[in-house]
Structure formats: C-alpha cells, structure tokens
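Chemist: Chain by chain, the residues:
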Amino acid sequence: MVSTSSAVPVTVIGGYLGAGKTTLLNHLLASATSRLAVLVNDFGEINIDAGLIESHDGETITLANGCICCSMVDGLAAALESVLALQPQPERLVIEASGVADPGTVAGFCHAPGLLLDAVIVVIDVETVRAKVADAYVGDMVAAQLRAADIVIVNKIDLVDESATAEVVTWLDGYAPDALKLPTRQSVVAPELLFGHGSTDRGDQTAPAADQRFESWTWSSDEPLERSVVEGLMGRVPDDIWRLKGIVRLTDDDRRAWVLQRVGRRWSLRPIARSAAEVVTSELVAIGRPGAVPDGWFADLLGQPSSSEDL
Amino acid sequence: MNPARPFAEAVAVRDGRVVAVGPLAELVTWGDHTLDETFADHVLLPGFVEAHSHAMVGGMWTMPYVGYFDRVAPDGGHWPGCKSIDEVLDRLRAAAAELDDPDDTLVAWGLDPIYFDADDRLLAEHLDRVSDTRPIFVYHVSGHLATVNTVLLAAEGIDRHTPTPGVSRRADGEPDGELQEPAAMSLAKVAFGKVRAAFGTDQVAWNYAYEARNAGHTTITDLGTTQLYDPEQLDRWRRVTSDPDYPARVMVAAGPGIGGSGDHDEYARLAVDLRDNDTTGDKLHFGIVKIILDGSIQGFTARISWPHYYSAPDEHPGNGLWLMDPSTIADVVGAYHRAGLTVHCHCNGDEASEVFISAVEKALEEHPRWNHRHTVQHCQLTTKAQYRRMARLGMAANIFSNHIFYWGDQHRDITVGPERAAGMDACATALREGVSFSFHSDTPVTPMGHLHVAWCAVNRRTASGQVLGPQEAIPVEAALQAATLGGAYQIKMDHLVGSIEAGKFADFAVLDDDPLTVDPISLKDIGVWGTVLGGVPQPSSVSA
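Chains A and B are the protein sequences, given in the same order. Take 1 as the starting number for the first sequence in the working numbering and just add one per residue. Take 312 as the starting number for the second sequence in the working numbering and just add one per residue.
Hints may be right or wrong, so weigh each one.
With a straight-line Cα cutoff of 20 angstroms, these simulated DMTMM-like cross-link-like pairs (lysine to aspartate or glutamate) come out [stated by the list, open to error]:
1) B:LYS500 / B:ASP415
2) B:LYS505 / A:GLU223
3) B:LYS505 / A:GLU54
4) B:LYS500 / A:GLU81
5) B:LYS505 / B:GLU409
6) B:LYS394 / B:ASP412
Simulated DEER-style distance windows between Cβ atoms [as the list claims (entries may be wrong)]:
7) A:ARG227 / B:LYS500: 36 to 42 angstroms
8) B:GLY745 / A:VAL160: 47 to 53 angstroms
9) B:ASP836 / A:PRO113: 47 to 53 angstroms
It should be emphasised that the hints constitute simulated quantities derived from the structure, not laboratory data. Virtual Cβ for every residue (Gly too), placed ideally from N, Cα, C.
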C-alpha cells in the first residue's frame, strides 16, 4: 500500500436515505484492518456490537479493533478538527454525509491541512434511484449527489433482474459519466476498490461479487518523473483500470512530493506536505479488471518494470 | 393590546405583576399605593416579544462591527455603518490598536459589501494595509463568506495549491483572501477557535438581553437547535436568568440540530420535562422545538417552488437546499406533536412551507390535538393558499418582515423577481386569512427591534426607498399586535406576557412617543427609554 503518512486519506460516503450507506459503513467497521475513524450524523443507526465497544465518551465511541466513531453534532469542521487531534492519528477517515447533503460539499472540507480527499462514494438503490431523481422535492438533490460521485455503488441488485441493473448503469452515465460503477447487494464491496489500496488482506470481508473481481499492479521508480509524462499517462489509462493512485516525485519540484489519484476517469495531481527528500521512491498502484493492464504497460509509459497480483 | 382596555391612564403593579390597568381614579380603589410618575411623559406598551432571534448576537458583539448599516451595541455604543472599503479598514485599524497581543487574530463581523460601488470587493490586499503581521478575519453579514489577510493565509497554509472549493483566486492563481462557504472558511482554524471561545461565555447571554432591552423587548427567544442537549448551555441559561438583574425573559427553544437526525422521542421527553419541571424561575421558559428545513433566499438556498429563482448565478443548481430530508419531516413533526410540544419550523421558501404544513396536517390526522400552535418560521414566500391551510390547521406564522428593508431590492431584482417579491413577507394575507402572526429580526441577521420590524410591515420600504408590494402592508394597530401578543401566542406565553392586563407580568416597553399617533413612516425612529420588567425599570444603555 502506498503511504501518504503526512495526511489522513478521507472517503466521503453519500446517498439518499435508505440506499445502504449505513450498511456499507457497518461492513467497513466490522472488516477494518487499519485504524478507521468514521464520522456519522448520529450513532443511532450504526450497528455496533456492544461487546466491541471499548469506550464511549460523549461524541466518540472507541472499538476494540482500534476504529473510532465520532458524531458530528457540532458540525463537520469541528469533528474533523477533533479527529486530527487524536493520538495516534487514524489511518483512514470515512465521513457519512447525511441523506440530504451534497457529498461534493462535504468533500470540500477534506482538503484541509492533514487531510487528503481520496474519493466520493455515492450509494444508490438500483430499484428506486430513477424515481428519486424524478421526485419534485428531492430530485435535484439526488441528481447533485450522483454528479459528485467518483464511485457509484449500485446497490440492491438482488432485488431487480440483471437487465434492470444494466439499464441503471447506462442511465447513470447521464449524471456521472466518469465515475466507477460497482453493482452490489447488501452494500458488500471489496475495501480495495473503495480505498484504492492493493492489499490482499481483507479481514473477514465476504468475497467480492463476480463483477468486482480485480487485479492490482504496482510500479515504482527511484527517478523523478516529468510532469508531462504523468499527465500524458492520465490520457491513456484504459477504462478497465478502476483506480490508480500513488505518490511521486516530479522533476520540476524538488521540495515536495505529489499525490496522484484517479478514480474512474477523474484524476488529480496534488502536492503534499512531505518533502521530496523523504520520498525516495515514486510508487503507483493500479486496480482494475483482471488483465486490464498489459505486461510492460507502465514501464513503456513511465520507465521501470511493474508487477501484478491477481485477486 | 388588552381589548378590554386598549388605552389607559395608569397601571397598578404589585409583586411584579399587573393588578389593574385603567384610569387612576379607578386604580386607587385597590387601596394603599405609591404613585410613580417616572413615565408621565412616556408611552407604555406591552413589552415587545421577539419569537425568532439568537443569543449568539451577544457573542458577535465581543468583536468589532464593520457592517454597512448603523448598528447599536448592547452596551449602547453607536457603530456607524462602514460605507466603503476605506471605512472598513479604518474601523479595523482602530480595533487592532486595542488588541494587546501583536499576534492575536483580529476577527470582525457584519461586512455587507453589496451596497458598495459595483467592483469593490474587500480582499487580502486591502486587509494587508491594516496589518502585515497580525492575522485578520472579517465575516460577511451573510455568514457565507469571509475575507482574510495574507498573514492569515500563510499561517493556515492556504496557497495556490489548496484545492478546497471556495478559495477565491486572483488571475495568477494565488488566493485573493476571500473564503466562500463553510468548507473554505473552516480553513481559518485559529480565527474559528477564537469565535467559538467568544460564544461560550455568560457575557453572550447578558449582551443578548441588553440588545433586547435597548429596543423595548422584554421577552426574547433563543431559537436554537441543539442547546438543550448541551448541559453547559442549559446551566448558563439557568445561571443568568436567575440573576435578579438579568433584564429579559427567555424562551429557550431546542431541536434535533442541523440535519435533524437522532432520537426524536427522546428529545421530546427532554423538552417536555424541562417545560414542566424546570424550576429556575419566571425568566426561563421551555416548550418550543425548532427544526430547519431549507436555507436562505438571498443565499439561493431556500427551497422555492416552480418557477424557482428569478435570476440565480450561472452555476446554481436550480433550487435551494434541504437541510432535512422532506420525506422524514412528517415523522419528526409527529414525534414532537404527540409529545404535546410546539414545533417551529424554519421555512424561507414556499416549497419548504408546503412540506411543513403537510407534515402538520398528517400529524393532526393521526393524532388530533387542539391548540398546538405549530409555527412557520420566516414564512417569507408562503403562498396565499398555504396561509388558508395554516388557518384551518391552527398554525401560526412568524414573518421575517425586516427582509423587506435589508434585502427587498435584491429579492425584486435578483432572487424571486418583482411579482413574488411584492407578495413576500405577507402580513396582510396572514391578517386577512386569520392566521395568528408575529414578525422578527432573526438577530444577529438583522438588529433586534420591533419598532423597525413593524415599520417594515407597515411601510414596506426597501433600503433604496422603494415600496415593495403595498398590498401586503398592514395597519400600525395590527403591527403592534404582532409585536406583542402575536409573538407571545406562538411561544405559548400569551397568558403571561404580551398585553397589559390584570394578572400578567408587569412587562412594558417604555417609548418616547405614541406609535399610533406618529406618522407611520417614523415608527422606527421613536425613541426607546428602555423597559419595565416585572415592575422594575430597566433603562436603555443607549445615549440619545
């Protein structure tokens, strides 16, 4: 897994009431292999086994596996500040946006120093999402949620037939053409796809559905990269690469390291506080459909060999 | 406002309450008395009741004010409006000179640049002229923007690479000092910490009551959303209102908080327990629940029905924001309704009021209940059909009439267009359709003062002096009713305050002139001596 130790990666989970956000959060908490901090609007819906709770102090619940849940009663900015003040710092932060929030707005808070926005995930109910978008009161709000998504979790596919799911996935292109779409049942999805790390350690997570089977590839180099080479790579990534992320040194900046992130077809290249001197090796991890990356593809574009790992 | 005695020569007071009101010759028949002629040359009205305002204004006044309109601080200090960027900078220089610590962040509030010359935006380059060593943070009156100086940008690490949306930029890509919307504003952590600390003191509650007293108010509402669930806030209200010198009665409303999640039945039990069992005294009251459905019209975040906004910014999504899920409102309202509480719901746009009224209707069908007085707060674009439904359902309205003056020109020209602007803040419709109503300042959004709000409801003049929809103007008598009993009714205190009547608290607004005899266009200019609270004179701190 690529380390961005100076900043906590943040995942924002949005979606309309009843789509399956909380179920997803419960999965993530139960299967966490790193110290996850979860920000929720209230604890009521989070299903935490009382035996797992180590301590409950007002707005914070600490679990035996090292994860913590914080409520946002004093607002998102205050909650983020208290999470950043935690010692040790959580390894990853997940924010559950309320059912009426625009997760894009929530994501706006996640560029503060110490945080690194990873992806905006929007959970939809495949059966009702089109009716919600047509709803006179909430239609514009649900559409805005879809537009903000880097990843759309097309949930509850067990309730409709396959062609209906395919129709919704196509329909989604009208709102989120660049987003990665992941069909799921009961919000079960491989954390690797959500978080973009290539780790094979999945805890007790259920095996991914057939359409979520994936492969990961890593590439590394001790040499700094030309910015234009990185940007050129972004124009040539096959659609079957779902996530691509890493930390790189650039030839035009010997002070800072840069973080490259790509989810679906959206990407960004941003400096982080770590000095370039600390980052000896540039490293990228790609995750995608098995076989999506031909042998030597990275090396051809960037130099140095890549390695792959089937999952 | 006592229909049996609308006008009287004198009032007899004992133990803080009204014994009788009427001709002196009649009052003396009650027996031994002392004749107090302090107010022989003044006019006594029932103390004004403000049913929608926020104690946080008391915290704002711990910081320098840089707004466009003249404003009076709780300590009586006059703060002339800052009419240009240069005047803002002069104000900030003076405030900086009073800070002892050279590194302390200077936080100011109330900046209102929409009335400045067209291209005048306050930016870091201006604030840098005030200080290039001290961080400076200036809140805009809208609450959606702040301007900071270069020192603050550097200290918080805000630079050309900061990807946060709302960090406004110069042509060369560097931040220009304007932080738009909460995500960008929250980058100014030190300034926010300072503001939070200022809001946590007892002085906030005292300042709040002083601002009220100076404008003739004796009962005020802290229409918060979460305070009851914060034991520190509750202790603060108990502490200050049990002080004999505290010069106002306070209705402390609470609710499930922004977003409206949580266990509403549990919140309801807590609110009922406080309403029925709190023993703090005559100056602390409970029983109102506040929820928030949408945003603001001037911020283009109110939920407005088709045809929606008149002239929204290019990137605007078409309609405003829901702050609670409209499909859950009926359940939320139902929980408080069943518990016997009164729900006040923030609805600026008519789509929001439609959802709230429908929720109340459903609650009543499932759980019939008389005298609930559920209230549409702000009620700015509530339609005539909605007023008719509200009348049948027994609902009340609290109308944000001050908007006519402060933002009426913008509503006509930009947000909702001429027709709907002419019909907004529709006091005459409420009166005609028989909906009990009050009006409000929503301080700190606008200054507290029912003479000014009444002036808006009666004259409907905008800041540019134009009349906005004269058909919705109401007579002065109706405005005075709204300012007193109208407010008391919707916070269920009309048996205690809101009129000068035997048995009620001796709470009066003491005015220099009679609102019923002055020219209505001068209503807002009537001098306020102060108040009488429970029979005790409370002189204003404002010098004439």
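Chemist: Each of the hints needs a verdict: does it hold here or not?
Modeler: Now for the hints, and whether the structure bears them out:
1. B:LYS500 / B:ASP415: holds (13 angstroms)
2. B:LYS505 / A:GLU223: violated (46 angstroms)
3. B:LYS505 / A:GLU54: Violated. LYS505 (chain B) to GLU54 (chain A) sits at ~33 angstroms, over the 20 angstroms cutoff.
4. B:LYS500 / A:GLU81: The given pair, whose Cα atoms are some 9 angstroms apart, holds under the 20 angstroms limit.
5. B:LYS505 / B:GLU409: Between LYS505 (chain B) and GLU409 (chain B) the Cα gap is close to 16 angstroms, so the pair holds against 20 angstroms.
6. B:LYS394 / B:ASP412: Violated: LYS394 (chain B) and ASP412 (chain B) sit about 29 angstroms apart, past 20 angstroms.
7. A:ARG227 / B:LYS500: 36 to 42 angstroms: violated (31 angstroms)
8. B:GLY745 / A:VAL160: 47 to 53 angstroms: holds (50 angstroms)
9. B:ASP836 / A:PRO113: 47 to 53 angstroms: holds (50 angstroms)
Hints 2, 3, 6, 7 from the earlier list are contradicted by this structure; the remaining hints agree with it.
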